[in-house]
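Spelled out, the chains give:
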Amino acid sequence: MSNAHSLATLSILAGILMSPTLQANSQLTDNTPKLTALTNARLMVEPGKQLDNATLLIENSKIRAVITDGKLPQDAYIIDLTGHTIYPGFIDPYAEYGIDFKYPQETTSPPVYEIKRIGGNAENGAVHAEKEWINYIYPDSEAAKKWVNNGFTSVQTGLQDGIFRGRATTVSLAQLKANDIIYQAKSSHLMAFDKGSSLQDYPSSLMGSMALIRQTLADAKWYNANIDKSFSNTTNEKIEFNIALARLANIEKEPTIFASNDLNGLLRAGRLLNEHQLPGSLLASGREYVRIDEIKATGYSLILPLNFPAAPKVKDDGSERQIPLAQLRHWDRAPSNPMVIANAEIPFALTQHGIKPDAFWPRLKQAVKAGLSKQAALAALTTDAAEIAGISEFSGKLKAGYMADLVIANGDLFDNGKIHSVWLQGQETALISRDQQWLNHDYQISLGDLTLDLSIETGDKLKGLLSSGEQEITLRDVSYAKQRLTFNADMGQAGFDGVNRFTLWFDEQGIHGRMLDKNNRTHPVAGVQLAKEAEESDQTNKPSKMLISRLTQPNVAYGLLNQPKTEKLHIKNATIWTSTPEGILTNSDLIITRGKIEKVGQKLSTPSGYQVIDGTGKHITAGIIDEHSHIALNGGTNEGTDAITSEVRISDVLNPDSIGIYRALAGGVTTAQLLHGSANPIGGQAQVIRMRWGEDAEGIKFDQAPASIKFALGENVKQSNWGDNFTRRFPQSRMGVRSLFEEAFNEALAYDKATRDYQNLRSSEKRRQIAPKPNYRLEAISQVLKGEREVHIHSYVQSEILMFLRLAEAYDFRVGTFTHILEGYKVADEMAKHGAYASTFSDWWAYKFEVYDAIPQNTCLMNNKGVLTSINSDDYEMQRRLNQEAAKSVMYCGMSQVDAWNMLTINPAKQLGIDEYVGSIERGKQADLVLWDNSPLSVYATVDATWIEGRRYFDRQQDKAMQTAVATERAALIQAILQSEHPAVEGEKPAEILEPEWHCDTQYDVWHQTAATEAH
Amino acid sequence: MKQFPRLLAVTCALSSSLVLAHDMVPASPQQGPIVIQNATLHTVIDGVQTGSSLRIEQGQIVAIGPEVSTQDAQVIDAKGKHVYPGLIALDTSMGLVEVEMMRPSNDSYEAGESNPQLLAISAFNPDSEIIPTVRVNGITHAQVVPQGEALAGQSSLVSLDSWTIEDALVPTQAQFHLYWPTLRRLAHDEETQKKQLAQYDAQLDTIETTLIDGYRYHMAAQAGTIDKTDNRWQAMQSLYQGKGQLFVHANSAEQIEQAIAMTKPYQFKLVIVGGYDAWRVADQLKEVDAKVIYTRTLSLPMRTDEPTEMSFKIPSLLKQADIPFALGFSSDWNARNLPFAAGQTVAYGLSRQEALKSITLDAAKILGLEDMGAIGVGYKANLIISAGDILDPLSSKIEALFIDGRQIDLNNRQQQLYQKYLKR
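From first to last, the protein sequence lines stand for chains A and B.
Each step along the first sequence adds one to the number in my numbering, with nothing skipped, and position 975 is 975.
Each step along the second sequence adds one to the number in my numbering, with nothing skipped, and position 248 is 248.
Derived by calculation from the structure, the hints in this document are not laboratory data.
Just so you know, even glycine gets a beta-carbon here, dropped at the ideal spot from N, CA and C.
It is possible that part of the hints are untrue.
Said to hold, decoys possible - Computed list of lysine-lysine pairs in DSS-like fashion (alpha-carbon distance at most 27 angstroms, straight line):
{"#": "1", "chain 1": "A", "residue 1": "Lys177", "chain 2": "A", "residue 2": "Lys461"}
{"#": "2", "chain 1": "A", "residue 1": "Lys461", "chain 2": "A", "residue 2": "Lys356"}
{"#": "3", "chain 1": "A", "residue 1": "Lys865", "chain 2": "B", "residue 2": "Lys420"}
{"#": "4", "chain 1": "A", "residue 1": "Lys833", "chain 2": "B", "residue 2": "Lys286"}
What the hints assert, rightly or not - So these bits of chain A aren't anywhere near chain B, every CB distance computed over 12 angstroms:
{"#": "5", "residue": "Ile355"}
{"#": "6", "residue": "Ile432"}
{"#": "7", "residue": "Leu560"}
What the hints assert, rightly or not - Across the chosen pairs, the derived CB separations fall in these ranges:
{"#": "8", "chain 1": "A", "residue 1": "Phe394", "chain 2": "B", "residue 2": "Ala198", "range": "51 to 57 angstroms"}
{"#": "9", "chain 1": "B", "residue 1": "Val48", "chain 2": "A", "residue 2": "Glu997", "range": "35 to 41 angstroms"}
{"#": "10", "chain 1": "B", "residue 1": "Lys195", "chain 2": "A", "residue 2": "Gly318", "range": "19 to 25 angstroms"}
{"#": "11", "chain 1": "B", "residue 1": "Trp163", "chain 2": "A", "residue 2": "Thr107", "range": "52 to 58 angstroms"}
{"#": "12", "chain 1": "B", "residue 1": "Glu190", "chain 2": "A", "residue 2": "Glu252", "range": "37 to 43 angstroms"}
{"#": "13", "chain 1": "B", "residue 1": "Tyr215", "chain 2": "A", "residue 2": "Ala984", "range": "47 to 53 angstroms"}
{"#": "14", "chain 1": "A", "residue 1": "Lys356", "chain 2": "B", "residue 2": "Ile226", "range": "36 to 42 angstroms"}
{"#": "15", "chain 1": "B", "residue 1": "Pro324", "chain 2": "A", "residue 2": "Phe730", "range": "53 to 59 angstroms"}
{"#": "16", "chain 1": "A", "residue 1": "Gln958", "chain 2": "B", "residue 2": "Thr164", "range": "54 to 60 angstroms"}
{"#": "17", "chain 1": "B", "residue 1": "Glu190", "chain 2": "A", "residue 2": "Ala967", "range": "30 to 36 angstroms"}
Excised from the complex, chain B in its bound form (with noise of 0.2 angstroms):
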């Protein structure tokens, strides 16, 4: 632990420049092989396995089992200890948001109604001194999502321990984010309900003029007579090709519903985020092999007459309805408190499994990403090291955070703050 210096906490206090800097560096490569002894492995695809080792080679997990050769390898003993994939963390503004009020340190949202051209990683500030909080609680990736009306740009996934954005990008096929419009409360007054209702009606027509306009653009482009390029729907290419996804924020039934209807002819690949209501409209949802992002677990239900628990139960009737989905948790600060959501799903129906599933694994497939979010031969080597239950803050206690085979520093401002504070 390096000591802060007392002079620099006065100076932050007057000071309006967020970007300090901080002494956690990011990881080099890893050098040699590592193995992780003796732990009790939380492999998401091969169940719970104690007293197992494994062996990371070059970022890889390369080997697996009770017995692994430990030749040439760093050896750390996690005997008593867990061993867990790193956790993703789905529709965050880790990066693009410092501190949400201050708009000089906001970056997360865009005007306009269709920026699909828009990408978020341009923007994200790899030294933001939220990320080395949220990692502290074994999160090792972030998808950092723009925000908008409507079509919002794309989406990106990063490491959170990183010098650049190059560093920090983990390539993926391209994510598109739509907003879908919401009906906020109608107004008590005739007129004003009018207008409301007339402007989500043009809030839809907008969506459904922009899919078109694209969709115009792409047949253009595949008969070869595109004569000037047009920002928009040139970004837009892959998702017409069938190469990226959308991503359709939307809570309730009905929205949902309408944003399976107006994608359907373009056979989208598509997720909902939000999704509420989602596993009341199981089988649109299947139909069209949608994906949902289930973002609302720490929230009071939607509507006054549902059970208390709705929030926390309807990852359980995802489930049931067996519609693939993941955990989010629509942040930037309080991101770090994803693996606690997933905690909260489990006296509500689902296993410690596949809470740690959705935020793990689940989250990867989502991001279309076939060596993230496991504990297997071939998957990256993003791991947490806890001597308890990563789920649960009362037993919660990350020693250890690796991301392809980096071990990362766990020290935070807040941390440093604490350990200064200890001093007077």
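This is chain A alone, in the form it adopts within the complex (with noise of 0.2 angstroms):
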């Protein structure tokens, strides 16, 4: 450790550099020259560019140069860090550091409708995009410690509340005034799906925020290119100042930062960002190794929290069986997740957020453990996240001009190393107090003859032991301050008799001191410095633990290893239900192939190379499909908050993780339409899925199925049970609903026109006048004007199915299905007439008052008054059973069993218009099928196997074989989770959100969890 150019101890200088402003100080301006030269260190310049026995010349905040050549300034001081590790200072481009702003928090009851307006702020209180945080930013010295203990320099930093947050800004987490510590003024855009704390109750759910994050960005676009017409003299017209859209009015130019909560989040928030063409990075969600292609193909950098979870409490039996095995496989995973992410080659940063500072770096130590590279880690703490921080220009690595932000340990972090001391703009913060390195390392001494090993242990209470070959000695009242160190010990094996007491120093040469023995006589004690051993390196990328768990599509019980694959398949004299004019066909063949049906006919021969099952006993229909569900959806299906919501998209929220999904196959359910649900007269918009167990988001939808969107009438959008909060809202009655509907038809046209008399403008004429407010609530309703959305109508009873009928006659559009429609028996001949459609439940009644005329033969009426009727299930448990439904309108009033069929198959196929695709097995159609072991209207039925486009999604042997892999896999994940060791910082507990079964009026807010009402 000697060092000849050594000019001072270290602690002396780290005194100067942390000595207080100059307010003691009697000279006016800080003189002294700033030039260090921090020597003989290794240099991490940058991830995989590493300069050992290198210099880092420091002037002032800035890095001058790094030197390898030996080559100092004469005039800079010196700081020996031999044995020291120098790292860029860390970057965390996620915080909330140092803003000294908060929201008001008011206490209102709900509901809240409107905001109050102040300052030209946005409409929506989760909109505050207005706010740029650069102009509340304070250093905060105690928050500044959470981060500089584990080494950060710099955050991002915006207060993180509501939809749009506002602009944040990255700054130094340096002490100094404000405007010293001010890195990049305007950094990201922050937003999220979380409208936080804003009161309003609009959006309540997931879509809605995704709605208004739409709109909001089509309003900034719009008042930007329009807002200096109004101010000009050119138009009459005016509109009004907007400072939160004024604001976005580069937003395509400049980087957002999307936070949600978990991974299907993430995944919405890249297709919402890329549909936008803004530039960004993902707030990461810990389970991203679960869909990492699909990921990688957003092309966002993502920002990784280290959220480890805690070992599911599987110590009790009866709380175990209530842990998904999601859970107890993202236990096993969850530490690979950066490695993962890594090796996929997706540019992330890691961030504090989500986790308590002190798992910081035990959890990062655990992330290298599982694979992840001490490069790529690195990257992630450095280079990565000044790219997002937006302050690589100068920031993340040891470069000349970039600033002296610099984490100094005394080895490798990702290893064992410490670390002990932090630069922040060239001013240092000691850690670990410098002389307590001395304490680091071992010592041999020298007391006359004799020659002793010397090793103190560090910790709560210093522990200390002088060693001889076999022989110790333990040391006793072990003490150390300041470079000296006492104790005392029993010397009697060592030929001094009696408790002999040590005052020991260190220094650059070493150790020096006296011992006092018995007699109180001095000895003199020398020593030198024991060199430490060289510490492994490991450098590989594989994991150090077996994974466990298996990775599924999607990653629950019941995912699939393996995507099906299109079948060629010819299957043998069954009965098949063909929901075509040829009704039911005994003995018969089919054969289908490239997800298709090729043939349907008797003793067809097998071509070759197609599998063969031998139907005998056994049934064949057509997929059923659902007109009416709510499965396999995020965030809610309600966004009831307001009376008309047509602008928010199921299409956005789509789960295809959600075991409904494998539950409705192993009911013979291959399609189903996911609605909005039914608080309020015009609601969403509504997406066909297809059963696609494995497939992502997109790979569940319908794509063919035509536009459709969820209107309501009745007891629900009148808010009849929402409970005495409820009762100002338009509509209260049954005559409000149909003045409502006829404001917004009104509205429409007159945007419609409106848009279109602007198109038609001279552009001369338009940069002169204000483009219409583009409106996607007006818009859906204006494509149900048009005939380009099918009208999806909760309903029941007569007087309202007449009067909807009715308007819609009388805006030109045909209704296209009433769904429900419990009292469509009663005026069955105005409804086919029309040529609307019904879907209703088969025997629900009684359970509200607008269905107490409800009577299960319904169907039969409509259906023999020439009404295309189905029945749709509006459950998570019935659909699985609809064929049953179907077989009690053979029961309650004598229907066909191929007119009752057809009410699961070719029906609800035209009512989704997909039955040129569905619903039918005929030639041609596209192969969703259902092989039943009985009659598939009885009771006794079930399904053996379900394809959906030739692909075999369900299969009744493959399940069982499933159900005894999932027994097994949670067996092992549970030993090895009671095996597991206690780990040194405890993991954090499940992120999961449970969410409700979504039911037809589930009114949730699911930003707030709380339910408003929940009911049929």
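Bring the two chains, given one by one in their own frames, into a single complex with the hints.
In structure tokens form, the structure reads like this:
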């Protein structure tokens, strides 16, 4: 350790650098030369580039040079960092630091339809795009420690509240005046789905948040293109000043950070940003390993919290049973998530967001152990983080001209190294008191003729040993301060009887001092530092721990290891329910290939290469289609906060991981329309899905299905059962419902006309006149009026059915399907004449007043009057027994079996506009098929297999095998958890938010996780 | 079929009055003997007998066999028809609830955690429009159960064809209902979670205290030292005397085990209602001779990782575990789907006869009745005549229904509306 160039001990230097500002100084300005050479260190110049025995030259707050030839400027003050490693300071691109602002926390009781407009703010309480957090920044010494202690030197910060959260700023964590800590005044725009503390009801759902983001971005574009016209004299119109929209003017060129709560949310955020071509990064969930290819395809970099979960509580079998396999698997795989991201070559930064600061390094080391390369880890802390924080031009590397933000460690941080000090803009903050470093070494001391090894163990209480070969002497009463070590030792073994007192000093040369023996005689002691054994460095990219869990698609119980392949199949001698005018064919054959039905007939010969299934005694039907379902959704099925929410889209919130999909398949259901709920007259846009278990959110969409939307009438929309707080919103009566529709239609027509008129203007006129404000809400309604979007309208009683029929006729559009329609039987003639379809429950009634006249013969009466009728479930459970529901029409009103089965197949296919592709068994149609072991209308029937486009997504035998596999895997994981060591830092509580099963009128604020009302 | 006046339909759409006069007049007591001939008898106690007949006198089955006397009897030729015992719907709210979401029409729930004195029959509405729509599927009797927190009261078994609550009541031993607390979805944040757990513990304590207090009263009553009557504990005497039964509504193994442990000292006759995990704790249940009413056949699996068909196959798991059980269908109007819930279990391990038994004889046995739920001499003449299998909606075609030998009107409000609108 001795070094000729050493000019002073580090501790003295630290004192100088850390001296407070000039207050106590008579000098008015500080003119101390500040050129410092950090010598003999290992420099981690940038990820993958390491210099040993190099010097970092710092001048004031910046790095002046990296010196490898040892030629130091003469005036440099030298600090010898032999044995130390210097890293560029770490950057956390997702923080809430040093912001002197709070949103007002008023207490109001719901409903809150509008917020106070103040200072040109946005219309919605979750839109704070006008906030530029630079304006609220101050250095917060207490808060800074949370980062600095872990080696972070700068953060990108903003208040993480709301949907548009304003513009972040990137600041140094140095405790300088605010003006001096700002690195990037306006860095990323901050966005999220969570409306945070906004008091306004809208949006209460995830799809509502997504719609609000879309509308706001469109508004911003429009605003910034038109605001100047508003203030000119060329137009008579004026548009409201809106600072939130103004601040979004250039968002397409500026980065955005999007925060979401889970993996599906991350993917949605990626799609949404891509849709608007916004550059930026996504806050990761910790589960990226599940859908890494999809994430890679978004093209966004990630900000990754190290939120590894705590071991699930499996001790008690009762609570263990409640824990889904997915959660057990995540415990197994979470530490390898960073490796998976790195291996996929997705740029990512690490953040302390969402975890306690003292968990950061233990977790990062865990990730490295699990296979994350140190180089990737360093990039995530420095260069990649600098990119995301917008400071890569001058931060994140050890490079001339870069900020002197440094981390100095006594070794490899990703291994056993500890951070000794953090340099913020050229000023040092020592984390481990400098003089403590002496204790980290072992010494060989000579006492008279004796040679002994001295080692001190630091910790809460100091301990130490003197040893020689096998012999050991335990030290007592060890204390240390400012390079001075004292202890007592019984040295009888070494020839000094009694208790001997030692006083030793450390310095560059080693150790020296004295021992007082029992006679108070002084014996000189001197020693040298022992060289440390070289540490092994492990640069492999392999996980050190074997993974126990399987990774399936989706990554839940019954997920698939491989996607099913398109089958070439010949089903022989079965009963085929064609759902065509041919009816039911006995002893017939079916051949499918390339996802389509190739042939239906009798005694067909098997083409070569086709698999044969003996269908004797079996029944084959087309896959069941459910016109009305709410499965496989995240974040709410209702955006019921406003009476009209036609801007929200179910397609935004599909959840391909929902076990509901698999259960539907087990019941022979291949397609369902996922509808918005019935909380408001004009609800959101629907999405037809296919139960392609294992595909991603895009992959389960029924692409060819035409656009549709949910409307609703009656008790739910007039808030009859919402409680006493909900009596203000229009409409509160069926009269009001009619009026609301009329008004909405008129508005949509006017909007459409205004848009058309503007488009027809000459371009010179366009430059002068204000364009109509884009309105996605009215746009969707206008599509309905133009016949471009099918209406599925929740309705029960005859008055409202006729009312809506006539209204539609007045506005010249056809009503697609009346859904639920329990009194359809009373006005079946009128429905048939209009050409409206009906989708109903088989036997539901009496659960609320408007269904008191419901009858199970409804289907027959409507069917007989020529209304195309289907049976829907609107329910997770009933969906898997729809076949039995159809059979009830046979029982209650003698419907023919062919008609009853059509109510589940070709009829709903027509209602969804997909009958060209599915809904019946005939040549050329897609092979969405179900093989039953009994008449499909019988309560005794079970599904043997279900195909979608010729791919077998459900198979009874495979299902049995999977049940065993799930049980085995669970058992293995539980054993692993029980045998696992208690981690140094407790893991995070499971982050999954358990969502309720969505129903038509589940009114649920997903952001505040409160149910307003829940009923059918 | 009487004609439903057209005007009335308008009135009923506008009126909030729910008790509408209907035309289904309760049947008079059986007059003379009735013989049902040449039928397939699903006796439940003695297999399926084809080409068999039975004779009913004064509301009871008095003879069964290929040849029974037709002397003085009204003879019903049931050639090609099936005869079943009337179905007993356990754990329903029938007659307590007309329209669930309309509070004035809902009498199923009472406030308070210790209400053993409540009697379901006191709120039962024999004129409920729901009842005729339920019995049309073969259900002749229903257990009407009060709901609440913890000890909710006593259920009553009713005949589904009666003028008054007194006509309706079929006397049984006292049946007490205890709703075991459930730890619902635990909240995300630790604070709320702690509160939830504390609340759960408090609920368990309340139950324990209730049982102890009732027991103190019982001991005092035995010693003759009661000064003042306590309505609650007085009502519970039969339970401590071993005469009544305690129905514990619980689904998870943990709840069931807790319930057994807490009630064991009193040696109550125990019935678990819900019973989703009952098969997992078969040994504990058998030790206290507990029975199970399984009510979740047509439900989703309780846990995401369980087999898709879990709810369907639990009856067969109960059978394998040799636990006495019946099927219930906790509902009001929807209780009419009870036979199809039983049918559903057939593809998942029960035989058709076992499925039928689970909604007839097994149900009667759980209520402590010896003369219902089967076709045999000495059994009450609660009978269904159907042209097809009543467990399967594809074939069920019920043509006649008897309660105590009285032939019941199978008409109902829905049938009337159907007939009315057939005329439009």
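Quick rundown of the hints versus the structure:
1. Between Lys177 (chain A) and Lys461 (chain A) the alpha-carbon distance is near 39 angstroms, which puts this suggested pair outside the 27 angstroms criterion.
2. Our distance criterion of 27 angstroms between C-alpha atoms is met by Lys461 (chain A) and Lys356 (chain A), whose separation comes to about 26 angstroms.
3. Between Lys865 (chain A) and Lys420 (chain B) the alpha-carbon distance is near 15 angstroms, which keeps this suggested pair within the 27 angstroms criterion.
4. Only pairs whose Cα atoms come within 27 angstroms are accepted, and Lys833 (chain A) paired with Lys286 (chain B) is rejected, the gap being roughly 63 angstroms.
5. Every CB of chain B lies more than 12 angstroms from the CB of Ile355 (chain A), the least distance being 15 angstroms, so the non-interface label holds.
6. With a closest Cβ-Cβ approach of about 33 angstroms to chain B, Ile432 (chain A) is found to remain outside the 12 angstroms limit, as its non-interface label requires.
7. With a least CB separation of 15 angstroms from chain B, Leu560 (chain A) remains clear of the 12 angstroms interface cut-off, as annotated.
8. Under the hint 51 to 57 angstroms, the C-beta atoms of Phe394 (chain A) and Ala198 (chain B), about 54 angstroms apart, fit the expected range.
9. Between Val48 (chain B) and Glu997 (chain A) the Cβ separation comes to about 40 angstroms, which falls inside the hinted range of 35 to 41 angstroms.
10. Our hint of 19 to 25 angstroms for Lys195 (chain B) and Gly318 (chain A) holds, since their Cβ atoms are close to 20 angstroms apart.
11. Taking 52 to 58 angstroms as the suggested C-beta distance range, the pair Trp163 (chain B) and Thr107 (chain A) conforms, at roughly 55 angstroms.
12. Between Glu190 (chain B) and Glu252 (chain A) the beta carbons are some 42 angstroms apart, a value that agrees with the proposed interval 37 to 43 angstroms.
13. For the pair Tyr215 (chain B) and Ala984 (chain A), the beta carbons lie near 51 angstroms from each other, so the given range of 47 to 53 angstroms is met.
14. Against the hinted window of 36 to 42 angstroms, the Cβ-Cβ separation of Lys356 (chain A) and Ile226 (chain B) comes to about 60 angstroms, which falls outside the hint.
15. Restraint check, Pro324 (chain B) to Phe730 (chain A): a C-beta distance of roughly 57 angstroms satisfies the suggested window 53 to 59 angstroms.
16. Range check, Gln958 (chain A) to Thr164 (chain B): Cβ separation about 57 angstroms, and the 54 to 60 angstroms hint holds.
17. For the pair Glu190 (chain B) and Ala967 (chain A), the beta carbons lie near 31 angstroms from each other, so the given range of 30 to 36 angstroms is met.
In summary, the structure is inconsistent with hints 1, 4 and 14 from the numbered list given earlier, while agreeing with the others.
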